[in-house]
Amino acid sequence: MKFTLSWLKEHLETDASLETIVDTLTRIGLEVEGVENAAEKLAPFVIGEVLTADRHPQADKLQVLSVDVGQSEPVQVVCGAPNARAGLKGVFGPPGAYVPGSDLTLKVAAIRGVESRGMMCSVRELELGEDHDGIIELPQDAPVGAAYAGWAGFDDPVIDVAITPNRQDAMGVHGIARDLAAAGLGVLKPVQADQIKGFFPCPVEIRTDDPEGCPAFYGRVVRGISNGASPAWLQRRLTAVGQRPISALVDMTNYIMLGYGRPLHVYDLARLQGALVARKARTGEELLALNGKTYRLDRSMTVIADDAHVHDIGGIMGGEFSGVSETTTDILIECAYFEPENIARTGQKLALASDARSRFERGVDPAFLETGLQLATMMAVELGGGEPSEIVKAGTPPEPAKTIEYRPGRTAELAGVGVAEDRQKEILHRLGFGVTGEAIWSVKVPSWRRDMDGSADIVEEVVRIEGLDCVPSTPLPREPGVARPTATPEQLVERRARRAAAARGLNEAVTWSFISEAEAAPFGGSPWILANPISEEMKAMRTSLLPGLLSAANRNIARGASSSRLFEVGRRYLADTERPTLALILAGNSEGRHWRTGRPRPFEAYDAKAEALAILAAAGAPVENLQILDGVSATYHPGRSARLGLGAKNVLAEFGELHPATLKAFDLDGPVVAAEIFLDAIPQKRGSGHRRALYAPPPLQAVTRDFAFLLPLEARADALLRAVRGADRNLIADVTLFDIFTGPGVAEGHKSVALEVILQPGEKSFTDEDLKQLSEKIVTAAAKAGARLRD
Amino acid sequence: MSDLEIMQSDWLARIDAAADLPALETERVAALGKQGAITQLLKTLGGMTPDERQAQGPRIHALREKVAEALSARRAVLEAAQLESKLATETLDMTLPVSTGPQGSVHPVSQVMDELAEIFADLGFSVANGPEIEDQWYNFTALNMPESHPARAMHDTFYLTAPEGEEAKVLRTHTSPVQVRTMTSQKPPIRIIAPGRTYRSDSDATHTPMFHQVEGLVIDRGIHMGHLKWTLETFLKAFFERDDIVLRLRPSYFPFTEPSAEVDVGYTVQNGRRVLGGSEGWMELLGSGMVHPRVIAACGLDPDEYQGFAFGCGIDRLAMLKYGMDDLRAFFDGDLRWLRHYGFASLAIPTLSGGVGA
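Top to bottom, those sequences are chains A and Z. Here the first sequence is numbered in the working numbering, starting from 1 and rising by one per residue. Here the second sequence is numbered in the working numbering, starting from 792 and rising by one per residue.
Read the hints as simulated data drawn from the structure, not as lab findings. Check before you lean on any hint, since a few could be wrong.
To be verified - Distance windows between CB atoms, simulated:
| # | chain 1 | residue 1 | chain 2 | residue 2 | range |
| --- | --- | --- | --- | --- | --- |
| 1 | A | 610 | Z | 1142 | 43 to 51 Å |
| 2 | A | 685 | Z | 953 | 34 to 42 Å |
| 3 | A | 286 | Z | 953 | 26 to 34 Å |
| 4 | A | 560 | Z | 868 | 54 to 62 Å |
| 5 | A | 518 | Z | 892 | 34 to 42 Å |
| 6 | A | 292 | Z | 944 | 20 to 28 Å |
| 7 | A | 628 | Z | 1063 | 37 to 45 Å |
| 8 | Z | 892 | A | 648 | 34 to 42 Å |
| 9 | A | 739 | Z | 877 | 32 to 40 Å |
| 10 | Z | 885 | A | 592 | 19 to 27 Å |
What the hints assert, rightly or not - Over the 10 Å line for every Cβ pair with chain A, so calculated as not near, a few chain Z residues:
| # | residue |
| --- | --- |
| 11 | 810 |
| 12 | 867 |
| 13 | 870 |
Here the structure is a predicted model, which means the values were calculated and not measured. By construction, the Cβ of each residue, glycine as well, lies at the ideal position given by its N, Cα and C atoms.
Taking the hints into account, I'd like the entire structure generated from these sequences.
What follows is the structure in structure tokens.
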């Protein structure tokens, strides 16, 4: 909300400096967002008189002016304005002056061969209005050479404050003045509203048929009024705060709204037929509003209507049809109370914002209807003459009459700062609260403070005026000893997985939680679609982290990266739950061209497996016990992917090469490999203290034996390895698969798989006989897995 | 000089003159081999009288000993020389570049979240979580924002499509619903922070529709705004690792706190950039306040018994202020160049002893 310093001073008796006022506003919760003084901006512009105006020798539409700017010599100016003529007084900008409306700095220039030493300015060029038909024309008594802004009364700083949604009382200059007075910056001037007598009964019936939406509707008619342009002071003040002057009566309503936070509406009486009634809209009713748009109304909305038309979306915006114009002679002034929640709902439904709505939805002062109407009448008659009728009061405004019980000690308890009782009383009184009682106060809330709810609100009033900077910094009580660990097992899993992935050379990305429906499709779509997405690209909540990573990989490849190792730790949004997940993708080359390794090596599915297992191990998963399972989602290459689980029902990860169809959806050329680790599926070790199982390295040397087995081509290594490991749980310490061979010497349809088995003796060394028996056990176990010792 | 002495100096000279290992071997055989001169000399001991043997024995043995020693000394010299010359042919160009493996990185948002957890753990706060697809009750109603509250409209909320007749869920617009989830699930005293993703339908140079926030909540008996101020000061000083952090609390409005305060942090301008610390100017950094009695009551606690404070702060913003990124949108682009430049080494784990700034 914007207002000017002189406007404020009409409500506040103060000699505080602008700086003090601005600092105080921010300090008491009316945050100043900006201060601007048009006079400073327009400082170089002076009043000039055109002495002569001659045709430009080279251009029909230009004139060469000689302008008296109050210096010894007149200045030559080339000017294209049609109204430039000898004798005209206007606004002159010298070289070096910055013209805000054109965003340029003037300099001496030759225009079509004639030197021009400045510019005569239009209203728009000085950002004083929209008019650009010609240069500014000032009255003949304007003093030549004087600073224009100062003479014209623009030397009035504009203060812009952000009003929080709870402070309906600060939506007018008067309320802001009240706060400043409470903060010790002067004295609030009382509202000067004379009782304007009615000369005749109101000729229009006014009533409210919707006491919920519009509990009170006050109005009166003024006859014989004229509605021309409003006076310069009013136009200037409205323009300064960003309102466009329209006509005296419209400007009057805006002036009172901005001055007192009291919206009004003025109807052209000639356009009304019969009674003017506040009622609920009927389904299908429409209104062409003052902003030129037509709104379709429904039965939840309160309107003002007569026998023929809807004229006003109550408390939000008036209609074009009954709006006042230059030809208006008789008017009806409306001053009503609209129920805030209803205004908010209607405004949201219609997506219609207005100054009136922003005040009614916060809740205007219900005790200010009559005063508001008197102020409006007074000003209307002052500006346009005419005779007012008697006032009609339909309905009654709500009477808040709220009283809050408050212990003065509550301020110290809640805000941590003790404020003397007398001081608290003084603050509350200045803000308009009534205080009675001794130990427990009854604080009567003024009608304009709808936001007051309980004692915490009273504390806030006291401390915001006293100053939050008085609150002393107070240490939180601290438990004795060293701070205890706070991370949960889930948090530890996530941290370990993240750091492990980064340690293995993967770069952590953070990608959007929402993706396009097209990107979600290869992953089975999404159960969560935004109703109001910001764009089609951000519409579906991801059920996998891979789409975001694939898009990122695509962008990186476009930027020339030959290899992307990306991972993300985040949530997947499933129909019933959000699951923490680490996903990674490896795209491009595992190793680039290098003198040691020669040609680049692209990533393959086994790389994804290695990452998955390593990260799972770091996160505490029992990787020794993990089974390799089929049934990977269709995202992956069906023959080059697998799941890792502790049984089919507890899947900890998926990994593999991505399906070419998946890659195609992301414009990627394969192969790209990926893994997803379902962090919440990793079983946590039971807490058994810090002590490890007792262990001493075996004293005797281990024995290594190699075996080569023949297996059918389609057989999986896993079964053989498990079988061999299981051949003797005590003595077989490790089994490594170190070679796979097909070709000469290996039977058709078979492969040779070579294993290195490490045998660890316990108490005494192996005898030849021991080793022979162990080998036989291994071969027997392998046979059960379909393997035959190679001859 | 006796014969033996002549013989010894003769052999030592020959051994010393052997140019390479084969030559030395030849000398060894000539001296100590089966038919070697000294071996032959030893064999003569058998034909001597006991007296002669007693006189000659030690001398001949001493000769053999000396020659054997000389042979092994010379062998060591020659072997060393041979190795040296072999190694001289085995040089590598040690200036050739090698690969140290790919350089991974941790995203700044994750790093800052770890920093927050570390600092607040020392103050006795644990880390809490909540869903991002949230019920309107948790996101708004329980936080004292009934349906028609103007603040609801100000939140630029993303709504999810809902079956007919069911209330639409929202993407949480702030981390404050975790306050409610915490207060409804555990008993005071409560000290938590809740970092996480939040969403608003807002997109421009400084806003992204997804961003990260951290919420703080303390509920206990006798907690007041002075504690809030101290906690924020202590946190920011630790986070930015500066002692000259100055806070300015400004009255403001949030429906779920009363009194409410916007927290500005003082900055100084250094080399044209705003650096936190000092008080040349102020920037808005946090929203905070005393938890509204209605919120405490909505969570099933007695507001006459328990009170406390809450605050909320943008994590991306904290990261930018601390580490100097100037474009929020780049946080979510996954550009490897950016991730490597602004990311953190896996072992740069924030700790109290090692510092929380990497």
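Right, here's what the structure says about each hint:
1. A:610 <-> Z:1142: 43 to 51 Å: 29 Å, violated
2. A:685 <-> Z:953: 34 to 42 Å: Holds - the Cβ-Cβ distance for residue 685 of chain A and residue 953 of chain Z, about 41 Å, lies within 34 to 42 Å.
3. A:286 <-> Z:953: 26 to 34 Å: Cβ of residue 286 of chain A to Cβ of residue 953 of chain Z: about 29 Å, so the range 26 to 34 Å holds.
4. A:560 <-> Z:868: 54 to 62 Å: 59 Å, holds
5. A:518 <-> Z:892: 34 to 42 Å: 36 Å, holds
6. A:292 <-> Z:944: 20 to 28 Å: 23 Å, holds
7. A:628 <-> Z:1063: 37 to 45 Å: 58 Å, violated
8. Z:892 <-> A:648: 34 to 42 Å: 35 Å, holds
9. A:739 <-> Z:877: 32 to 40 Å: 33 Å, holds
10. Z:885 <-> A:592: 19 to 27 Å: 22 Å, holds
11. 810: 40 Å, holds
12. 867: 32 Å, holds
13. 870: 31 Å, holds
The structure fails hints 1 and 7 (numbered hints given earlier, in ascending order).
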